[in-house]
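*Asks:* Chains as they are written, first to last, in our numbering: chain A, 5 to 115; chain B, 549 to 658.
Hint data in this document are derived by calculation from the structure and do not stem from the laboratory. The reader is advised that the hints may include incorrect statements.
[What the hints assert, rightly or not] Among the chain B residues that face chain A by a calculated CB cut under 10 Å, a handful are:
{"hint": "1", "residue": "Val-561"}
{"hint": "2", "residue": "Pro-562"}
{"hint": "3", "residue": "Glu-563"}
{"hint": "4", "residue": "Gly-564"}
{"hint": "5", "residue": "Ser-576"}
{"hint": "6", "residue": "Lys-615"}
{"hint": "7", "residue": "Ser-616"}
{"hint": "8", "residue": "Lys-618"}
{"hint": "9", "residue": "Ser-621"}
{"hint": "10", "residue": "Phe-623"}
{"hint": "11", "residue": "Ala-638"}
{"hint": "12", "residue": "Lys-645"}
{"hint": "13", "residue": "Gly-649"}
[Stated by the list, open to error] Far from chain A by the CB rule (all over 12 Å, computed), these chain B residues:
{"hint": "14", "residue": "Val-552"}
{"hint": "15", "residue": "Glu-553"}
{"hint": "16", "residue": "Leu-559"}
{"hint": "17", "residue": "Ser-568"}
{"hint": "18", "residue": "Asn-570"}
{"hint": "19", "residue": "Gln-586"}
{"hint": "20", "residue": "Arg-589"}
{"hint": "21", "residue": "Ser-601"}
{"hint": "22", "residue": "Gly-602"}
{"hint": "23", "residue": "Gln-628"}
{"hint": "24", "residue": "Ser-630"}
{"hint": "25", "residue": "Thr-640"}
{"hint": "26", "residue": "Ser-647"}
{"hint": "27", "residue": "Gly-651"}
{"hint": "28", "residue": "Thr-653"}
Predicted model only: the values in this text are computed from it and were never measured. The beta carbon of each residue, even a glycine, is placed where N, CA and C say it ideally should be.
If you want the building blocks of each chain, they are given just below.
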Amino acid sequence: ETGVTQTPRHLVMGMTNKKSLKCEQHLGHNAMYWYKQSAKKPLELMFVYSLEERVENNSVPSRFSPECPNSSHLFLHLHTLQPEDSALYLCASSQDMYGYTFGSGTRLTVV
Amino acid sequence: QKEVEQDPGPLSVPEGAIVSLNCTYSNSAFQYFMWYRQYSRKGPELLMYTYSSGNKEDGRFTAQVDKSSKYISLFIRDSQPSDSATYLCAMTVGDYKLSFGAGTTVTVRA
């Protein structure tokens, strides 16, 4: 898969588990994003990294912890999640404001 | 009031019909307007973008922006079953942050 790759595609986790979502972009973009997509709701911006520095943390609970070790990789570490956190988590990258490229997402189910 | 309003549908049309989608917004500072298409079990992909008011055409797709009314539209002519997807509008003042609509689900019946 080219562009933006997200793994895993599906994840089921218990409320006491710790897991991580991974995103990798092969486009040479300098910004990466985590979005949450819930049914019938607009995409919610969670975190933005520009040049590997976090520039936005959109009031996201601390049970979500992002990490950007370099300009090509982005992680979302998850711990003690709640059932309402079940959603599609999308990673995106961009080089300018209208050039978002999204990955296929990780479908997360918290049980 | 939501920053971007989009009717979630669903919208079902016969093949060959014109599909009309629209969004309204409240922030008059928005300058760049986009439409994304999202197929089932995929991430959104950029379909069209426009800057400020006016029309933009790309094949069967036409995007319109009316900043005075804070209203944007996407028209799909000669719709095909392959156009069945969720269409998301998005807009920005010109920085990295996009504001999205909730998406409209479209089904084109063969």
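*Asks:* All hints, please: hold or fail.
*Replies:* Cross-check of the supplied hints:
1. Val-561: For Val-561 of chain B, the interface hint is violated, since the closest Cβ of chain A sits about 21 Å away, which is over 10 Å.
2. Pro-562: violated (25 Å)
3. Glu-563: Status violated, d = 26 Å.
4. Gly-564: violated (29 Å)
5. Ser-576: At 18 Å from the nearest chain A Cβ, Ser-576 of chain B fails the 10 Å test, so the hint is violated.
6. Lys-615: Because about 16 Å separates Lys-615 of chain B from the closest Cβ in chain A, which is outside the 10 Å limit, the hint is violated.
7. Ser-616: violated (22 Å)
8. Lys-618: violated (16 Å)
9. Ser-621: Violated, about 18 Å.
10. Phe-623: Interface hint status for Phe-623 of chain B: violated (20 Å vs cutoff 10 Å).
11. Ala-638: holds (8 Å)
12. Lys-645: holds (6 Å)
13. Gly-649: holds (6 Å)
14. Val-552: violated (7 Å)
15. Glu-553: violated (10 Å)
16. Leu-559: holds (14 Å)
17. Ser-568: Ser-568 of chain B clear of chain A: closest Cβ-Cβ about 20 Å, beyond 12 Å.
18. Asn-570: holds (15 Å)
19. Gln-586: With a cut-off of 12 Å, Gln-586 of chain B comes too close to chain A, as the shortest Cβ separation is near 8 Å.
20. Arg-589: Non-interface label on Arg-589 of chain B violated, nearest chain A Cβ at 7 Å vs cutoff 12 Å.
21. Ser-601: holds (16 Å)
22. Gly-602: Given that every Cβ of chain A is farther than 12 Å from that of Gly-602 of chain B, nearest at about 15 Å, it holds.
23. Gln-628: holds (22 Å)
24. Ser-630: holds (18 Å)
25. Thr-640: violated (5 Å)
26. Ser-647: Violated: least Cβ distance 7 Å, not greater than 12 Å.
27. Gly-651: violated (8 Å)
28. Thr-653: Incorrect as stated: the minimum Cβ-Cβ distance to chain A is 10 Å, not above 12 Å.
Consistency with the previously given hints fails for numbers 1, 2, 3, 4, 5, 6, 7, 8, 9, 10, 14, 15, 19, 20, 25, 26, 27 and 28, ordered from lowest to highest.
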